[in-house]
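Based on the hints, put chain H in the right spot on chain E.
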Amino acid sequence: MIKNLRYSILLCGLLLSAAVFAHHSAALYDFQKVATTTGVIKEIKLNNPHLHLVLEVTDEKGTRNITYEGHSRNNLYRRGWRPGKLNVGDKITITYATPRDGSDGGYVAAITAQDGAQF
Amino acid sequence: MTNRFVIRVASLLVLVVSTLRLAWAEPDISAVWMAFASDPAAVRLGPGQAKLTPAGEALVARFEAAYGQDYPDPGAFCVPQGMPSVMLSMVTYPIEIIQHPKRITMLVEMEMQVRRIYLDGRGHPGDYPTTRIGHSIGHWEGETLVIDTALLTGWETRNWPHTENARIEERIHLTTRDKIKAQPSPFITIKPLDDQVLVVELTMIDPEIYAEPARITMYYQKVSDDNTLEYDCPVDLWLDALEEQRK
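Those protein sequences? They're chains E and H, same order as listed. Per this note's numbering, the first sequence runs over residues 1 to 119. Per this note's numbering, the second sequence runs over residues 120 to 366.
Worth flagging that the hints you see were computed from the coordinates, not collected in a lab. Cβ atoms here follow ideal geometry from the backbone N, Cα and C, with glycine treated the same way. Worth double-checking, as some hints may not be accurate.
Claimed, not checked - Selected chain H positions facing chain E (Cβ under 8 Å, derived; list incomplete):
#, residue
1, 189
2, 194
3, 195
4, 197
5, 309
6, 350
7, 352
What the hints assert, rightly or not - Here are the simulated PhoX-like pairs of lysine-lysine, each with C-alpha atoms no more than 25 Å apart in a straight line:
#, chain 1, residue 1, chain 2, residue 2
8, H, 310, E, 85
9, E, 91, E, 33
10, E, 42, E, 91
11, E, 33, E, 61
12, E, 45, H, 366
13, E, 42, H, 366
14, H, 300, H, 341
15, H, 341, H, 310
16, H, 300, H, 310
The following block holds chain H by itself, in its conformation from the complex:
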């Protein structure tokens, strides 16, 4: 009788704990995602869109004085542009998110870039080199994933310029398509797998060159994983260069 009672209580406890764990679990954002809308609609920071400080205007003006406003686009040369560019692509390049309790990995098809977002409580290292993708740490605030990216290599073009001291904050959560007011891009004709939408609210914080933080919200739809490919772009450029030198 006592044993039966103990087993019943134990079973009940297991059930309650499991239910609570499910209720407390972070949302599962593992999937292949493709941006289909943004707010504002233009993902590039055009002239006059971002409020730059005099130092910021001077930084961009120096670049444009040297190379003009129609400078060669790094994307045409397969240059991985890092953050925030990788999150702002509206030309059907997918991002695969792999989620673990202590790490989220984002596999970005465009220029085959990888983001590692550490969720284990570590901070940004003090002796780490800057890179275009930066160093990202994150944590969950309820059902919102908050990511802080630092240690970015400086970028001088008018398209999201930043210094090495820039920070990029992202607040990421799931919602459904019917709640999105932003106009979907007509270029995105791939059908989503369901009505889930991943919302990425991105803020660039770099007081040295931005008079106020620059913000954009991206909306991603879930697509089939057979949409992912290797982006073997540098190989093609190399083959073209080889061909030009053929004897």
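Just chain E, same shape as in the assembly:
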């Protein structure tokens, strides 16, 4: 319950805060249209100014690698990420703003790690 509530708050933040993301990527992503997906980490760079993530995703289109970007390493740290929490091969769930042009990928705003930690 608490987990769900916390996740809802994160999601709410994502939905309502398009203006704050305008710093980087508002032109590319629709922050009113968010999605959630689960996949296996194939590549991850927890960088500033952005997270770079390649996730192996299986959906109705089949299995493929999709590239996402997301919050900076510093902001993920402040949301609870710690070194070693996200590794290649981990199965994670992401919530992300979808690209305006309808392509794969998106801007990751919330992550549930393999051990259930959310940030």
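For chain H alone, coordinates are given in the frame of chain E:
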């Protein structure tokens, strides 16, 4: 007897002077601060938000004609954007303020920018180059810190455009959370250390391109200093570039 009397009077004087000094002391704004709300809510100056002069509109139009409205954001390339951008971040990047009687230093995590605000009575130098962070001098008016920033490098995007002649005035004071009417950003989930709020009233004055001064008020909450990190963003961009050239 006389000695005792002198000692008592002296002690009393010390007590009175100390009390008065405390009463007159400037507020202590040393802390790690994080913006959680603003008025207006949008920290970027979108089209139609700022009243620009015809010359101001022409400046921005020239930039947008050349690069479009969806131009690459400098933040995505770790470009330190200076003032007023550093004071307007609502994406959890903290600002550490170190206060001394004659100098206030602001360590801005985003793009690792530093503001030095001189309180020793000096003016702006006449032979100093422009920079994006500018040259800042300040003084206390009662419990309000007043900062004047000049010598700014020109900025042509619609997001707080300015010329080299721009001045930015900030009036900064402490208050408490219950007095803030602006809606807190839902993105800021970090808990504050206490209910103190640092209010920064920022005014952009640049008559050449603003028909009237553009204003925004930012509200910062105090957070733990373990929220601060190095913003080693340019290193990552360099490593990415190296990787692209790997043989």
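Query raised in the report: Which hints, by number, does the structure contradict?
Result: Checked against the structure, no hint fails, so every one of them is satisfied.
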